[in-house]
Amino acid sequence: MNHTRLVHHVGVGALEWLHAHRDGFRLELDVDPEIGFLERFKPVGELALICKVLFREGVAGSRQATLARQLIDHAWCHTLDGGRMLVRGQRAEPLSPIPFEVYLPFKELGYSSPEAERAFRLNQRLDSYAALEMSPVRRLGLSAFQRRFGLPPRVPEADVVGATWLGRSPEPWTVEGHIAYDITHTVFHLTDWGENPDGLPAEVAGYLADWLPAWLDDWLDLQRWDLLGELLVVDACLPRPTLDERAWEGFAAAQQPDGAMPAVRTMPQGEPDEVFDVVYHPTLVAAFASVLATSRALTQLVRTPS
Amino acid sequence: MEQSGTSTRLAGAVQGLMSELVSALRSGDRFRLAGTVAQGNGPRATADPALAAVRVVGADVVLPSVLLRCAPPASDDLTVFSRALHAYPPPAGAPPTSVWSHWAMRRALLRLDASLDGASGDDTEPEAAWLDDAPWQFLTHQLAVLAPLALPGEDCAVARAARRRPVDVARGFVRAVRRRDWLQAAGAGRWLVLLDEVPQTLGLDPGLEFVAQMGGEDARVAFQVEAAQLMRAGVPV
Numbered sequence: 001m002n003h004t005r006l007v008h009h010v011g012v013g014a015l016e017w018l019h020a021h022r023d024g025f026r027l028e029l030d031v032d033p034e035i036g037f038l039e040r041f042k043p044v045g046e047l048a049l050i051c052k053v054l055f056r057e058g059v060a061g062s063r064q065a066t067l068a069r070q071l072i073d074h075a076w077c078h079t080l081d082g083g084r085m086l087v088r089g090q091r092a093e094p095l096s097p098i099p100f101e102v103y104l105p106f107k108e109l110g111y112s113s114p115e116a117e118r119a120f121r122l123n124q125r126l127d128s129y130a131a132l133e134m135s136p137v138r139r140l141g142l143s144a145f146q147r148r149f150g151l152p153p154r155v156p157e158a159d160v161v162g163a164t165w166l167g168r169s170p171e172p173w174t175v176e177g178h179i180a181y182d183i184t185h186t187v188f189h190l191t192d193w194g195e196n197p198d199g200l201p202a203e204v205a206g207y208l209a210d211w212l213p214a215w216l217d218d219w220l221d222l223q224r225w226d227l228l229g230e231l232l233v234v235d236a237c238l239p240r241p242t243l244d245e246r247a248w249e250g251f252a253a254a255q256q257p258d259g260a261m262p263a264v265r266t267m268p269q270g271e272p273d274e275v276f277d278v279v280y281h282p283t284l285v286a287a288f289a290s291v292l293a294t295s296r297a298l299t300q301l302v303r304t305p306s
Numbered sequence: 001m002e003q004s005g006t007s008t009r010l011a012g013a014v015q016g017l018m019s020e021l022v023s024a025l026r027s028g029d030r031f032r033l034a035g036t037v038a039q040g041n042g043p044r045a046t047a048d049p050a051l052a053a054v055r056v057v058g059a060d061v062v063l064p065s066v067l068l069r070c071a072p073p074a075s076d077d078l079t080v081f082s083r084a085l086h087a088y089p090p091p092a093g094a095p096p097t098s099v100w101s102h103w104a105m106r107r108a109l110l111r112l113d114a115s116l117d118g119a120s121g122d123d124t125e126p127e128a129a130w131l132d133d134a135p136w137q138f139l140t141h142q143l144a145v146l147a148p149l150a151l152p153g154e155d156c157a158v159a160r161a162a163r164r165r166p167v168d169v170a171r172g173f174v175r176a177v178r179r180r181d182w183l184q185a186a187g188a189g190r191w192l193v194l195l196d197e198v199p200q201t202l203g204l205d206p207g208l209e210f211v212a213q214m215g216g217e218d219a220r221v222a223f224q225v226e227a228a229q230l231m232r233a234g235v236p237v
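Protein chains in written order, with UniProt numbering: chain A, 1 to 306; chain B, 1 to 237.
Since the hints were derived computationally from the structure, they do not count as laboratory data. The beta carbon of each residue, even a glycine, is placed where N, CA and C say it ideally should be. Check each hint, because a few of them may be wrong.
As the list claims (entries may be wrong) - Examples of chain A residues lying across from chain B (beta carbon under 7 angstroms, computed):
hint: 1; residue: Ser169
hint: 2; residue: Glu171
hint: 3; residue: Tyr207
hint: 4; residue: Ala214
As the list claims (entries may be wrong) - Covered stretches of chain B (chain A as the covering partner; in silico rule of three or more C-beta atoms under 8 angstroms from a C-beta of chain A):
hint: 5; segment: 168 to 176
hint: 6; segment: 199 to 210
Working from the sequences, and respecting the hints, build out all of it.
Here's what the structure looks like:
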């Protein structure tokens, strides 16, 4: 199969699975307070982010675009109850950035909840909000979202980058799973989830160009598909993506016939909701990586003189 | 069972030889080979794991004298080295690493004492096309196996292949460390100290120390790291 077609096909399958399993994106209204109502918001925000990437890159076929539109509508109207669940979440935990982070991609796609926005604006003026302790990569993400929302980032992004693991360009042979996720998310935030590859400082891009191939090789052989997918996104965010054939072929081969992508090695067994909770993230990542890599492959095609 | 017993004895002999070589590199004392290996050329001698160990370690057996410029090996030491060289020629169809490691031994011997080699003066290089389009993972693995060729000023086809691809060898080092393949990492690290344009962000110096700390109980690892660090420090060659 032609390489670009293989890459594209991964995303088509992933979106079919996400659409068919959209009820898995669910909140728990009567959750144990020790776990917290906001615990289940993250998948909804991630879904919105990926759908936004899909619309933005414009490489989806008409069926994919329709599925994505239905998915995002479902998440907003049903899961978030038209934004009311965001207000409820913010009232439950006023200082949590999670409802704000989930809301932003919906807002960028044209959905709106004035009541939630009022709460975000007030809470984010609090010194306590700016003083929240979080890892540098998490802080970088929040600052980027504040900028995109039109609020002044309470810590300027440029001041945070140097404190992230990636921003310090450390020894590449020390990378393990947690560090690798910090790397991928630093790249997502710096590039606005692939929209602005120029957001990567040149030295960071150079560092990644040198060492990403070694990490791709490693996590492909370990069959850690969730992380491999995120690293393939990072590749697509570089000035010169490699669109690594061996990694993509392994990634595509791990995908199930129904489009689900296992997180590690093979599909888990269990109740449908449990399987969803393990598999939704790598499947979202598969859709994300596929859309960005397809878009970059087409760009390369256009730029290559015939 | 006999096969595995033989392998174990050979592995033990290689560890013993490498440990002594590590000591020699660290102390600068002259390294003696004679006396550790059975005398003669009969079947008993070639079955001696100590002689086979000399062939396994290859040209690195004489590295202390090459690298430290201490006293050259004594003639009886070179005789043992030469016996190992001639007792274990690469068989027909041997992999390129075997052919090259044999070549490296022959050349080391020619440089130290040409009179001991049967075909003196002929050090025609084996061919190295197998490395031309090698993926970086395979390239690094093969180079690590051929670490005895990683010497300052060495100009053979294998060394040229390494010099053409510093970033690829550096990636291979990262891969080897991540896989805890300390021997491959140490061998790759030894090549890297000789290459230009290795990305600074690799952190080669702490990387070598890390490999020694994690894998240095294997004398082969300790030896390669020691050799790399000596070359890094710019010992006169």
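The hints, checked one at a time:
1. Ser169: holds (5 angstroms)
2. Glu171: holds (4 angstroms)
3. Tyr207: holds (6 angstroms)
4. Ala214: holds (4 angstroms)
5. 168 to 176: holds (count 6)
6. 199 to 210: Coverage by chain A holds here, the residue count being 7 at a Cβ distance below 8 angstroms.
Checked against the numbered hints listed earlier, the structure breaks none of them; every hint is satisfied.
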